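Under my numbering, the first residue of the sequence shown carries the number 682, and numbering increases by one thereafter.
No wet-lab data here; the hints were simulated from the structure.
Treat the hints loosely; a few may be bogus.
Quick list of simulated restraints, FRET-style, between CB atoms [as the list claims (entries may be wrong)]:
| id | residue 1 | residue 2 | range |
| --- | --- | --- | --- |
| 1 | GLY1254 | LYS1322 | 13 to 21 Å |
| 2 | VAL864 | TYR809 | 31 to 39 Å |
| 3 | GLY1306 | GLY1254 | 29 to 37 Å |
| 4 | TYR809 | SER843 | 33 to 41 Å |
| 5 | GLY1306 | THR1274 | 40 to 48 Å |
| 6 | GLY1205 | LYS1308 | 44 to 52 Å |
No more than 30 Å apart at the CA atoms, straight line, and that leaves these computed lysine-lysine pairs for BS3-like [what the hints assert, rightly or not]:
| id | residue 1 | residue 2 |
| --- | --- | --- |
| 7 | LYS1308 | LYS1080 |
| 8 | LYS1322 | LYS1201 |
| 9 | LYS1277 | LYS1308 |
| 10 | LYS1145 | LYS1176 |
| 11 | LYS1131 | LYS1145 |
| 12 | LYS1079 | LYS1308 |
| 13 | LYS1277 | LYS1127 |
| 14 | LYS1256 | LYS1176 |
| 15 | LYS1220 | LYS1322 |
| 16 | LYS1318 | LYS1277 |
| 17 | LYS1256 | LYS1277 |
Just so you know, these numbers come straight off a predicted model, no measurement behind them.
Think of the CB as a built atom: it goes at the ideal place given N, C-alpha and C, for glycine as much as any other residue.
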Amino acid sequence: MATDTLKSTPGAGGATSGLRRLLLDNGALTALIVLVVALSALSGDFLTTDNLLNVGVQAAVTAVLAFGVTFVIVSAGIDLSVGSVAALSATVLAWSATSHGVPVVLAVVLSVATGIVAGLVNGFLIAYGKLPPFIATLAMLSVARGLSLVISGGSPIPFPDSVSHLGDTLGGWLPVPVLVMVVMGLAAAVVLGRTYIGRSMYAIGGNEEAARLSGLRVKKQKLAIYALSGLFAAVAGIVLASRLSSAQPQAADGYELDAIAAVVIGGASLAGGTGKASGTLIGALILAVLRNGLNLLNVSAFWQQVVIGVVIALAVLLDTVRRKAGATPVAAGTGGGKGRQAGTYALAAVVTVAVVGATSFLHGGSAASTAPRMGLSLSTLNNPFFVQIRAGAQAEAKKRGVDLTVTDAQNDASQQANQLQNFTSSGLGAIIVNPVDSDAASNSVKAADKARIPVIAVDRGVNKAVVNALVASDNVAGGELAARTVAEKLGGSGKIVILQGQAGTSAARERAEGFAKGLKAYPGIQVLAQQPADFDRTKGLDVMSNLLQAHPDVQGVIAANDEMALGAIKALGSKAGRSVQVVGFDGTPDGLTAVKGGTLYASVAQQPSQLGRIAVDNALRAVRGKKVEQTVKVPVKVVTKDNVAGFSG
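Start from the sequences and build out the full structure, keeping to the hints where you can.
Pasting the structure below:
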């Protein structure tokens, strides 16, 4: 077995040279230390017990996924399916235990078996089907995600209470996900360093043909390697769903990229032959620390993606510099290398504690800000509706002297849970949340309630948790308005299609429910097709183009937001506003422009800027101990060409 533990070339003298060599030989660890020290200096909220535990919780799912991916990358493979397999495994557990009464223990076994089977399929396609790992696992990514949506029907499934405890704490302070991460990390380290299959991984990654000629059963080993990756993905999925109290069919979307990044940042080579569990853990912690710190520093959600990409590149570049500096690998299994590595980690801990302790004085004497501090977590900023909510909230915050931090969950319930935990540990005066999913936000809101931080929900409510106020328009009522508008425009009879929102989101479910309720009053309206277009303009264009091939006689379109409606208008071309009437939802600036132009017949407008303004106002009232209404309704209205001139969102 080979490892990426490195030994300095002889001849470097002096303490300075030795320290330089120590840092170069441990690029990922150096990067982590630099990040911790820098964030401790920049933010007084970073170096608190609660926040450091948050970092551990937020790293847990990525780390467990990455441990499994480490096996694959060490053997010169790749696994793009782990995020989807995690979602599928969690969905199988919730579906079998909640919907079909399977005993929880057996449901857990089925969940883990699902992950292993997915891994075995990957391994079979690669080892015996001769498919490139990239293609085989890319196919599994799509299959697993599709099965998760099919099983769940596109809706979250409540998680069994006995399993949801995996998302809790022990003794009221130690998070269970952190313990699971440690256990799985130790298991990965043992597999890599102490077992026959671990040595096989390094041999295959170093030179597959040489490993085969030496008598190693490479094909069978690959089956086992990908099965292990699937097993770790299943465990990660269970932990993630436990944190969210529900199995989300869209959970862990894109996590495979974070897992691969953690492994590579930790010192593994995509060419195979090197990698270790401790390095992977450090890589996962770097990503978690970075995201946590950027949230605390109120860095723009858009710039966060840029910064994370740059840091990943720099961490790997440091590893390249280290190798070019003349470091040589320590032979596999040498005790000196392991002892030296343990000493390195101990020294790193001492240096970090000393420097961080010194930087803490930067915040010890600083005066507390008199401006109320609030956090706003939006489900996405990749949609004009939520951008308008942000604009309204920021305008009101500036007017009222409020220090407002805005984060973008990117339609990821887990990422939003992390952001809300960061807000809570920072001791903000109030939190405003626009949930990705009403069920998934409950645990994070409960934690804020426990910390006596007022929580205001905007646009969507939070289930199974207490919020001080809900500022929203009624999605179901809005859906009914949209259905009635298009039906009346068609004279009570006609053929329509419905473009649904992103499967699994509460807004998509509620608006679809409203469409169905509204159309019941018009039996002459025939729904030709209902297809999701994920609240996205491009997908709305593609889906509508496809539907027109099967239904060229369509007379009306209801879209769950203006973005999809605008995509449908593009597909309809000259038919839009003439032979085909399109109704959107949200009243975005682009949507209102289309209404003025006559291509979009109407939009059910929610006045998103008002939602943001009213949410900040109510949060400030709650901070000051004033009474707030439990539910604050912002009226929805149908905007057509007749009244669009007088409408302001």
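Evaluation of the provided hints:
| no. | hint | in the structure |
| --- | --- | --- |
| 1 | GLY1254 with LYS1322: 13 to 21 Å | 19 Å, holds |
| 2 | VAL864 with TYR809: 31 to 39 Å | 32 Å, holds |
| 3 | GLY1306 with GLY1254: 29 to 37 Å | 57 Å, violated |
| 4 | TYR809 with SER843: 33 to 41 Å | 39 Å, holds |
| 5 | GLY1306 with THR1274: 40 to 48 Å | 43 Å, holds |
| 6 | GLY1205 with LYS1308: 44 to 52 Å | 48 Å, holds |
| 7 | LYS1308 with LYS1080 | 21 Å, holds |
| 8 | LYS1322 with LYS1201 | 26 Å, holds |
| 9 | LYS1277 with LYS1308 | 41 Å, violated |
| 10 | LYS1145 with LYS1176 | 40 Å, violated |
| 11 | LYS1131 with LYS1145 | 14 Å, holds |
| 12 | LYS1079 with LYS1308 | 22 Å, holds |
| 13 | LYS1277 with LYS1127 | 44 Å, violated |
| 14 | LYS1256 with LYS1176 | 14 Å, holds |
| 15 | LYS1220 with LYS1322 | 26 Å, holds |
| 16 | LYS1318 with LYS1277 | 16 Å, holds |
| 17 | LYS1256 with LYS1277 | 16 Å, holds |
The structure is inconsistent with the numbered hints 3, 9, 10 and 13, although it conforms to all the rest.
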